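Protein chains in written order, with our numbering: chain A, 1 to 167; chain B, 1001 to 1167; chain C, 2001 to 2167.
Accuracy of the hints is not assured; some may be wrong.
Claimed, not checked - Simulated DEER-style distance windows between Cβ atoms:
id : chain 1 : residue 1 : chain 2 : residue 2 : range
1  : B       : 1059      : A       : 151       : 51 to 57 Å
2  : C       : 2048      : A       : 75        : 45 to 51 Å
3  : C       : 2106      : A       : 132       : 33 to 39 Å
4  : A       : 52        : C       : 2066      : 54 to 60 Å
5  : C       : 2062      : A       : 52        : 52 to 58 Å
6  : B       : 1051      : A       : 55        : 47 to 53 Å
Calculated from the structure, these hints are not laboratory results.
In this text, all values refer to a predicted model and were calculated from it rather than measured experimentally.
Heads up, the beta-carbon is just placed ideally off N, CA and C, and yes, glycines get one too.
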Amino acid sequence: MTRTILVTGGARSGKSHIAEARTLDLGRPAVYIATAQAFDSEMEARIAEHQARRGPEWITHSEPLDLVGALRVTDGRPRLVDCLTLWLTNLMLGGHDWRAAGRALIAALPEQRAPVVFVTNELGAGIVPENRLAREFRDAAGLLNQWVAAAAEEVTLAVCGLPLKVK
Amino acid sequence: MTRTILVTGGARSGKSHIAEARTLDLGRPAVYIATAQAFDSEMEARIAEHQARRGPEWITHSEPLDLVGALRVTDGRPRLVDCLTLWLTNLMLGGHDWRAAGRALIAALPEQRAPVVFVTNELGAGIVPENRLAREFRDAAGLLNQWVAAAAEEVTLAVCGLPLKVK
Amino acid sequence: MTRTILVTGGARSGKSHIAEARTLDLGRPAVYIATAQAFDSEMEARIAEHQARRGPEWITHSEPLDLVGALRVTDGRPRLVDCLTLWLTNLMLGGHDWRAAGRALIAALPEQRAPVVFVTNELGAGIVPENRLAREFRDAAGLLNQWVAAAAEEVTLAVCGLPLKVK
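Taking the hints into account, I'd like the entire structure generated from these sequences.
Next comes the structure, spelled out in structure tokens:
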């Protein structure tokens, strides 16, 4: 049985939509684990838009930091984590050790008894950012993506809303 | 018969070249619909370079805004629209409703009696821009790409000048 | 026999790791041609990290500018050039003619008697940089990637540490 799935893509590449459809393929209702925290009105609007698009087939949990804990609440239902990049943002802004948190997440994946679909972002295909923090974040996000992709049975790149199979 | 084709890619990924070859495969001469407007000398140089590369097999039309109107001028010849991202720029800078214009373009595609090849840009795979307008433009460009890709029979991602089949 | 291989990808996409594995597949020990120059401590740290990951199966040469000369030192061993983007940076910062250097590199490829694996970066899939020099560098990097990809028998895009076959 497919256990861990990663859907990656740039901003507005349709990755959330692809990941939602893939999760519901695996069972309904499904659990939506939102890592987003609304720091400003732009973020609030984006979260509201995502929630409005999802229908009643979703049980929503909000968890900005403790993903391993959030994955315990399941009852055999498939889980969608949207997204790893915001989780990393929350970890770094909160002064947490993102490498330790990432390793703990990877270590928890083989114990899962229901599928987990992760959404993440491609951040590294633009020009090198002048801002040092932006470079560090980009590096961390890329490494986290590699770790999850290595552990995943299925990896998909979203391009213009379409899925491109990577693994 | 293949009707709508989308070729996407980053800057200098060879997407225009791939789209031109694909269009000429579908019929010669072909119609080139240029959405570019030269606002500065850098843009002028790029437009001139693109024109110089195209040979006498192209009938060039310039149309910064009314793509649906431009697509009516055809006589059965394949059309290349280069590119959707500049079209979106023109719409937004001119204060037009880009969502309405995008929907009208999608609605006009099934009526086409000759193929249309669209070139567009991947803008969303870099770090999140600090500039709010840049984020809004990136979001709009991503959505427009998704709409056209959903309507297209064929979608190609240009990577280092090479075509990668997405749909 | 496969002669020229290109591995491209965004920052932290795992491209160096994929290219190293591919090079060692072609013969051991292999020659590592490093184009990096440490201008600051961040760069030094990254170079040291890359070196530490490579084992004793690598013979390392440092060559920031004369890649054609560096490729002569071989004895039939496969060569890994990491990376083209830093080579381009060195050429441009040093006031050299990067187009001439790029053409000379392409011209030297058919003479190679052992495989060459190039690593390069995807830089063009973010928002258009406001900085003109950044745009010029992005354009040059994209063109160089196209030239090498056209000459290569094998082109791979790294996504989340995984190889996606392009050619």
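Now the hints, each set against the structure:
no.	hint	verdict
1	B:1059 with A:151: 51 to 57 Å	holds, 53 Å
2	C:2048 with A:75: 45 to 51 Å	holds, 48 Å
3	C:2106 with A:132: 33 to 39 Å	holds, 35 Å
4	A:52 with C:2066: 54 to 60 Å	holds, 58 Å
5	C:2062 with A:52: 52 to 58 Å	holds, 55 Å
6	B:1051 with A:55: 47 to 53 Å	holds, 49 Å
Violated hints for the displayed structure: none, as all numbered hints are satisfied.
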